[in-house]
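S.K.: Residue strings, one per chain:
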Amino acid sequence: MGQEQNTARQATAILRITLGVILIVTWFKNLQDGIYTADGIVGLFNYLFNDNGGGPAFYRAIINGTILQVPGLFAVFQLVGELLMGLGLLVGLLTPLAAIGAALFFFNLFLAYLGGSEWIWTYVLLTVSALVVALAQSGRAWGLDSLLLQRLGEPPRGPIW
Amino acid sequence: MNVRAPLWPIAIARAIIGVLWLFSLRWKLPPDFMPAEGRGLMDWLQLEVTHAAFPLYGLFVEQIVLPNFTLFAWLIFLTELAVGLSLLTGAFTRLGALLGLGLSLNLGIGLLEVPGEWPWSYAMLAMWHGLFLVTGAGRVWGLDGLTSRN
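Protein chains in written order, with the working numbering: chain A, 1 to 161; chain B, 1 to 150.
Everything labelled a hint here was simulated from the structure, so no lab data went into it. Treat the hints loosely; a few may be bogus.
[Claimed, not checked] The calculated SDA-like cross-link candidates involving lysine to any residue, where the alpha carbons are at most 25 Å apart (straight line), are: (1) A:K29 with B:P119; (2) B:K28 with B:A123; (3) A:K29 with B:M127; (4) A:K29 with B:A126; (5) B:K28 with B:T79; (6) B:K28 with A:L149; (7) A:K29 with A:L93; (8) A:K29 with A:L84; (9) A:K29 with B:E117; (10) B:K28 with B:L98; (11) A:K29 with B:E113; (12) B:K28 with A:T122; (13) A:K29 with B:S121; (14) A:K29 with B:V114; (15) A:K29 with B:L112; (16) A:K29 with A:V80; (17) B:K28 with A:Y113; (18) A:K29 with B:A53; (19) B:K28 with B:W141; (20) A:K29 with A:G81; (21) A:K29 with B:K28.
[What the hints assert, rightly or not] A few chain B residues that face chain A, going by a derived Cβ cut-off under 7 Å, partial list only: (22) L7; (23) P9; (24) I10; (25) A13; (26) I16; (27) L20; (28) V49; (29) H51; (30) P55; (31) W120; (32) M124; (33) L131; (34) T135.
[Said to hold, decoys possible] Cβ pair distances, simulated, as ranges: (35) A:N46 with B:D32: 36 to 42 Å; (36) B:E113 with A:I14: 22 to 28 Å; (37) B:S148 with A:N46: 49 to 55 Å; (38) A:R157 with B:N106: 28 to 34 Å; (39) B:P30 with A:F28: 40 to 46 Å; (40) A:N46 with B:P55: 36 to 42 Å.
Think of the CB as a built atom: it goes at the ideal place given N, C-alpha and C, for glycine as much as any other residue.
Based on the provided sequences and hints, a complete structural model is requested.
M.R.: Below, the structure written as structure tokens:
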């Protein structure tokens, strides 16, 4: 099993880098399209809720009661959060944290697009990929987490690298 | 220091992607390979011709696949069924993963320019099958594990 476990970490590292690239490419496109503004966030959810899915009723209620009450603040959170997750995954820094954040983000997208015309399995694939990257601590192969591990040893408070 | 990755998360991903393939069969069920509503296999093949990213591929679908639709529909249906069952149960996983890799690449090439499609989906799908192939993912929580122990 040892050889397979090494191969698995290297294979999940490729998955991690791909997720990082996807997040950063999408971040740039969203930035150009003005998604990370109050109007952009409201417009996105209007599109989702009226024309393309919008997810189950409880999800709409949560979004209406939280994000859409402070879209400007959420836009900044999203702008910074998506970029940090993308960079973290790309370079393999604090990978479990970045990947768990990404998994929550992708699961949110899964709920948002549920019931629409998009191929919903895309968001299943993304969520599962991010979870596996987190559980495999894949920044320890071809990532900065391997340097943290060499210098600091195992993290003292949970697997954050 | 833990330098090796656990294999069980990959086993869970394998089963989920097996379900993905089985779930995708519902819109290409024989004998007519059409769902009760929405697009069926024939519609998707026609989209691949109309929005071909690679002219040669579009020509192949138009000249070879569509005139022999029933033959290719059965081939696609049975291959996806085999891949789905293989990945779900972890039996003959490397073979299932290889077939799944071929199917994923075919989908990615065929649907690259079809409006509304996101090419990264198929890149991710192909990558996962490559991962199952190199890790022998059926050996953990799969039937391949039973046969290798016996």
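S.K.: Could you run down the list of hints and mark each one as holding or not?
M.R.: Checked hints:
1. With a C-alpha separation of about 15 Å, the suggested pairing of A:K29 with B:P119 holds against the 25 Å cut-off.
2. A C-alpha spacing of about 22 Å is found between B:K28 and B:A123, which places the hinted pair at or below 25 Å, so the restraint holds.
3. About 23 Å separates the Cα atoms of A:K29 and B:M127, which keeps this hinted pair within 25 Å; it holds.
4. Taking the CA atoms of A:K29 and B:A126, the gap is near 24 Å; set against the 25 Å cutoff, the hint holds.
5. For the hint pairing B:K28 with B:T79, the CA-to-CA distance comes to about 12 Å; that is within 25 Å, so the pair holds.
6. Between B:K28 and A:L149 the CA atoms are separated by roughly 49 Å; this puts the pair beyond 25 Å, and the hint is violated.
7. The hinted pair formed by A:K29 and A:L93 meets the criterion: a straight-line CA distance of about 23 Å does not exceed 25 Å.
8. Straight-line distance between C-alpha atoms of A:K29 and A:L84 comes to about 16 Å, which keeps the hinted pair within the 25 Å bound.
9. At most 25 Å may separate the alpha-carbon atoms for a hinted pair to count; A:K29 and B:E117 meet this at roughly 16 Å.
10. Proposed proximity of B:K28 and B:L98 is supported: the alpha carbons are some 21 Å apart, at most 25 Å.
11. Straight-line distance between C-alpha atoms of A:K29 and B:E113 comes to about 18 Å, which keeps the hinted pair within the 25 Å bound.
12. Taken as a hint, the B:K28 and A:T122 pair is honoured in the structure, with Cα atoms around 19 Å apart against an allowance of 25 Å.
13. For the hint linking A:K29 to B:S121, the alpha-carbon distance of about 17 Å falls within 25 Å, and the restraint holds.
14. A hinted pair counts as satisfied when its Cα atoms are at most 25 Å apart, and A:K29 with B:V114 qualifies at roughly 19 Å.
15. For a cut-off of 25 Å, the pair hint linking A:K29 to B:L112 stands: about 18 Å separates their Cα positions.
16. Proximity of A:K29 to A:V80 is assessed by CA-CA distance (about 14 Å); at most 25 Å being required, the pair is judged to hold.
17. Our distance criterion of 25 Å between C-alpha atoms is met by B:K28 and A:Y113, whose separation comes to about 23 Å.
18. Pair hint A:K29 plus B:A53 holds up; C-alpha atoms about 22 Å apart against a cutoff of 25 Å.
19. A hinted pair counts as satisfied when its Cα atoms are at most 25 Å apart, and B:K28 with B:W141 does not qualify at roughly 29 Å.
20. A C-alpha spacing of about 15 Å is found between A:K29 and A:G81, which places the hinted pair at or below 25 Å, so the restraint holds.
21. The hinted pair formed by A:K29 and B:K28 fails the criterion: a straight-line CA distance of about 34 Å is larger than 25 Å.
22. Look at B:L7: its Cβ gets to within about 6 Å of chain A, closer than 7 Å, so that hint holds up.
23. With 7 Å as the threshold, the beta carbon of B:P9 comes within range of chain A, its nearest partner Cβ sitting at about 4 Å, so the hint holds.
24. Hint status for B:I10: holds, given a least beta-carbon distance of 6 Å to chain A, under 7 Å.
25. This hint holds: B:A13 has a C-beta 5 Å from the nearest C-beta of chain A, less than the 7 Å allowed.
26. Nearest Cβ of chain A to the Cβ of B:I16: about 6 Å, under the 7 Å cut. The hint holds.
27. Because the beta carbon of B:L20 sits about 5 Å from the nearest beta carbon in chain A, less than 7 Å, this interface hint is met.
28. Annotation: interface hint on B:V49 violated; nearest CB of chain A at approximately 20 Å, more than 7 Å.
29. Restraint check, B:H51 versus chain A: the minimum CB separation of about 16 Å is more than 7 Å; hint violated.
30. Interface hint at B:P55: violated, since its Cβ lies 25 Å from the closest Cβ of chain A, which is beyond the 7 Å cut-off.
31. Taken as an interface hint, B:W120 checks out: its beta carbon lies about 5 Å from the nearest beta carbon of chain A, inside 7 Å.
32. Evaluation of the B:M124 hint against chain A yields a held restraint, the C-beta minimum of about 5 Å falling below 7 Å.
33. The interface hint given for B:L131 holds, since its Cβ lies 4 Å from the closest Cβ of chain A, which is under the 7 Å cut-off.
34. Proximity of B:T135 to chain A holds as hinted, the smallest CB-CB distance being about 5 Å (cut-off 7 Å).
35. Between A:N46 and B:D32 the Cβ separation comes to about 38 Å, which falls inside the hinted range of 36 to 42 Å.
36. Separated by about 25 Å at the C-beta atoms, B:E113 and A:I14 satisfy the suggested range of 22 to 28 Å.
37. Distance hint for B:S148 and A:N46: a CB-CB separation of about 53 Å, consistent with the stated range 49 to 55 Å.
38. For A:R157 and B:N106, the hinted distance range of 28 to 34 Å is not satisfied, since their beta carbons lie about 46 Å from each other.
39. Range check, B:P30 to A:F28: about 44 Å between beta-carbon atoms, so the 40 to 46 Å window is met.
40. For the hinted restraint 36 to 42 Å between A:N46 and B:P55, the CB-CB distance of approximately 39 Å keeps it satisfied.
Hint check: violations occur at hints 6, 19, 21, 28, 29, 30 and 38; the rest are consistent with the structure.
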